[in-house]
Amino acid sequence: MKNCLVVDDSKVIRKVARHILESLDLSVSEAVDGRDALTQCEASAPDVVLLDWNMPVMSGMEFLQALPGAGLAARPKIIFCTTENGISHIKAAVEAGADEYVMKPFDRETLESKLAIVGVI
Amino acid sequence: MAMTPSSGTPSSGSGASASGASSRSAARILSGLLEARTGQILSENRAWRMETALKPVLRAHGLADMDALAARLLTRKDPALENAVVNALLNNESSFFRDLQIFDMIHRQILPQIHAQRSDRTLRIWSAGCSTGQEAYSIAIQISNAMARWRGWRIEILATDISTAAIDQAKAGIFTQMDVQRGLAVGDLIKWFEPSGDDWCANPALRQMIDFRTDNLFDARAPMGEYDLLLCRNVLLYFTPERRQDVFRLLARHSHARSVLLLGAGETVIGHSEDFVPHPEFRGGYGRRIEASSLAQASVHRAL
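Just so you know, the sequences run in chain order Z and H.
All letters in the first sequence, in the order written, are residues 132 to 252 by this note's numbering.
All letters in the second sequence, in the order written, are residues 10 to 313 by this note's numbering.
The shape of chain H in the complex, shown without the other chains (with noise of 0.2 angstroms):
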């Protein structure tokens, strides 16, 4: 990570001014690292909550503040610090079926779909920026509610992020009282979730269905291949215009002509990539550019 005290080196600050002056060096140091490492910038909502989601961290280490923890890291080669630092700075929000209607498409109108064009009979899916998994995990119970459907299926879902913490706990699968009530239906809680102490843990089956990978989305080595859906949904909105074009360059690269992508609400292909374009079929999605001419196209042959 490139980090130079030109911007400010932290003092310990004396009086309220220097203080503040002081951890607003600090926070731009510290929002830095954040960015070398993942593109990701920090708005000013997520600023303003940067000591308390640094507390942990600070506590783990002895650092009395913000402006000692950029000090160690300006002074120090310390890996596991940067490391834990980008961890706790990242946004790791997610639930359950997100968006509701989005994971009701998914069901009804994206997943039968690939199962009537896929000759080979495989699925291939990846959640790029899956935080701590909830969004795979919900693909995957779906699949499975309609395994039906899928036997004798080849499936792949990766999914990637690159919090190590998150993967770590998607991994593991345990997910708190709080988690699993949102956006879970409580059949499906019964069904693939055990009680683990106060916590719920997602069972062993529904687990090794999902491939998690601590990746960067600006050097991804966990896609290969392509996809037949990708999700990428919250995760740029924290990213510059450039560093967009990046990320759809490379979910371009692990698509197909027939391939859905999914983005947050709010977020847009429209001047971000030549890539892709509004699906005409699934709404809120998007299709490869090729596709969509060629669906027009079909259609119009149709109507003839």
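Chain Z with its partners taken away, still in its complex shape (with noise of 0.2 angstroms):
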């Protein structure tokens, strides 16, 4: 079963996307911020993180500028998932090595299809 960690310092959100990720048979982890998702990526190596942008101590760009630091293995997929809706951020996102962008609000259908694009369901 694949991992995927959810990134968020927003308990409702990593609810709701703990919901929907499990439903899709995926199995899930959290960290509530990207430092706490360094650590995690560093213990359990997952497929993929679902990453919000805005978060405390470590933001969601942070992390993704310390992800080759920190000698994975295997680099997880990235989907940032915010609600920094405007052009410039998505195109800053995936610039910075973002694998693809969900755009908050999302459902099952959006999550669903992004995590079809990267290959990992």
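Check each hint, because a few of them may be wrong.
Cut-off 20 angstroms, straight-line C-alpha distance, at most; resulting in silico cross-link-like pairs (EDC-like, lysine to aspartate or glutamate) [as the list claims (entries may be wrong)]: (1) Z:146 with Z:164; (2) Z:133 with Z:215; (3) Z:222 with H:207; (4) Z:142 with Z:226; (5) Z:222 with Z:193; (6) Z:235 with H:224; (7) Z:235 with H:113; (8) Z:222 with H:91; (9) H:200 with Z:215.
Beyond 12 angstroms from chain Z on every Cβ pair, some chain H residues (computed) [to be verified]: (10) 92; (11) 106; (12) 110; (13) 187; (14) 207; (15) 216; (16) 255; (17) 279; (18) 282.
The set of hints was computed from the structure by calculation and includes no laboratory data.
Ideal Cβ positions, reconstructed from N, Cα and C, are used throughout, including at glycine.
Using the hints, put the two standalone chains together into the complex.
Okay, structure coming up:
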């Protein structure tokens, strides 16, 4: 079973995402900010990271920039999932290495299609 | 359209049972209109949401409920109202790159084969029952992303649907944030769409590739000649078996020996068409019967 790490400082978003992802037969772990996510990536090497942009301690973009230095054997697919819906943010995320981008609010169909596009399901 | 009050004259109804019976009569009248105009049958799982789908029409015409709407249609010739009802009842659900494996097959196998076979450098595609256009835009994006391969080719993409509202939206190329997130890769979003308020608009180059037309599959005027790739996906499931045969005959008239027909998941030609058979090379696709047999013979010859 593939694993998705949900990184979001909102407990509600993590809960909603977990519910959808588990229904898609993914195992789910959670992180509350970018720093927490880096630690978890080093420990458990998720297949995909669902990544919020604005978080305390370490933002999603800072996480993305720090990821290459984490020394992971395999880089997880990164799907930004954020309220930053402007095209400048989307372009910046893609240029920084994001594989996909979800604009909040999202639903099951959206997450399912993005996970299919990055080849996780 | 042929409607008579014989199936039950709508009444104002008083009391729950009278009102329920009255609404059922109204539902029959309205679904009869849909079938007469489009050939589509409202299945039970679509019929229950009829009132919800019609709410904007009721509001726009100052009508209290479905009974009042049915009564208006029976007592007054109102083509605009009929059109609004039909548009509201049609299922316009669609998404970009719906069934990703199918689009992967189009990209990796079908389009390259057409490219290799068409010596006149003309690519003709028909998206029949295109709804709000996502299927046609998905194909246009695939072709545009491989434009080096198609340089010097004449590319024609016809996309038809009976819903005037759906075709208007398709032509405008405006999609909601939710629409563009369903199936569209972020790279294609950035490349082929521009923000338009809270929505996203397909760029002019993409829109110009597609000829969107309002057209009825049972009185088709838009398709001309033969198409290399025909997509009629998630359309036939709304028709009776007889109507499906009519559609297959139409698709056969507009296909050639090497054309590829793609249907929706769960739709098949088997039992409905003598003209098409499962394609020997493209899983889930269909080819003309004559082509399939000659391909089989060719395989035998190669094997020998």
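* Asked: Would the pair residue 222 of chain Z and residue 207 of chain H pass a check requiring their Cα atoms to be no farther apart than 20 angstroms?
  -> holds, 17 angstroms
* **Given hint residue 226 of chain Z paired with residue 142 of chain Z - CA-CA distance at most 20 angstroms** => The given pair, whose Cα atoms are some 28 angstroms apart, is violated under the 20 angstroms limit.
* To do: Assess, step by step, whether the Cα of residue 222 of chain Z is no farther than 20 angstroms from the Cα of residue 91 of chain H, and give holds or violated.
  => Not OK: residue 222 of chain Z and residue 91 of chain H at ~45 angstroms, beyond 20 angstroms, violated.
* Check on residue 106 of chain H being off the interface with chain Z, judged by Cβ distance over 12 angstroms -> violated, 8 angstroms
* To do: Grab the minimum beta-carbon distance between residue 110 of chain H and chain Z and tell me whether it stays above 12 angstroms.
  => About 9 angstroms separates residue 110 of chain H from the closest Cβ of chain Z, which leaves it inside 12 angstroms; violated.
* To do: Starting from residue 222 of chain Z, check that the Cα of residue 193 of chain Z is at most 20 angstroms away, please.
  => Given pair residue 222 of chain Z, residue 193 of chain Z holds - Cα atoms ~16 angstroms apart, limit 20 angstroms.
* **residue 146 of chain Z paired with residue 164 of chain Z [C-alpha distance capped at 20 angstroms]** => holds, 15 angstroms
* Taking only the CA atoms, is the gap from residue 235 of chain Z to residue 113 of chain H under or equal to 20 angstroms? -> violated, 27 angstroms
* Beyond 12 angstroms from every chain Z Cβ - status for residue 92 of chain H -> holds, 29 angstroms
* **Whether residue 216 of chain H stays farther than 12 angstroms from all C-beta atoms of chain Z, as the label says** => holds, 18 angstroms
* To do: Assess, step by step, whether the Cα of residue 133 of chain Z is no farther than 20 angstroms from the Cα of residue 215 of chain Z, and give holds or violated.
  => Not OK: residue 133 of chain Z and residue 215 of chain Z at ~27 angstroms, beyond 20 angstroms, violated.
* Holds or violated: is the Cβ of residue 207 of chain H farther than 12 angstroms from all Cβ atoms of chain Z? -> violated, 8 angstroms
In this structure, the hints that do not hold are numbers 2, 4, 6, 7, 8, 11, 12, 13 and 14, in rising order.
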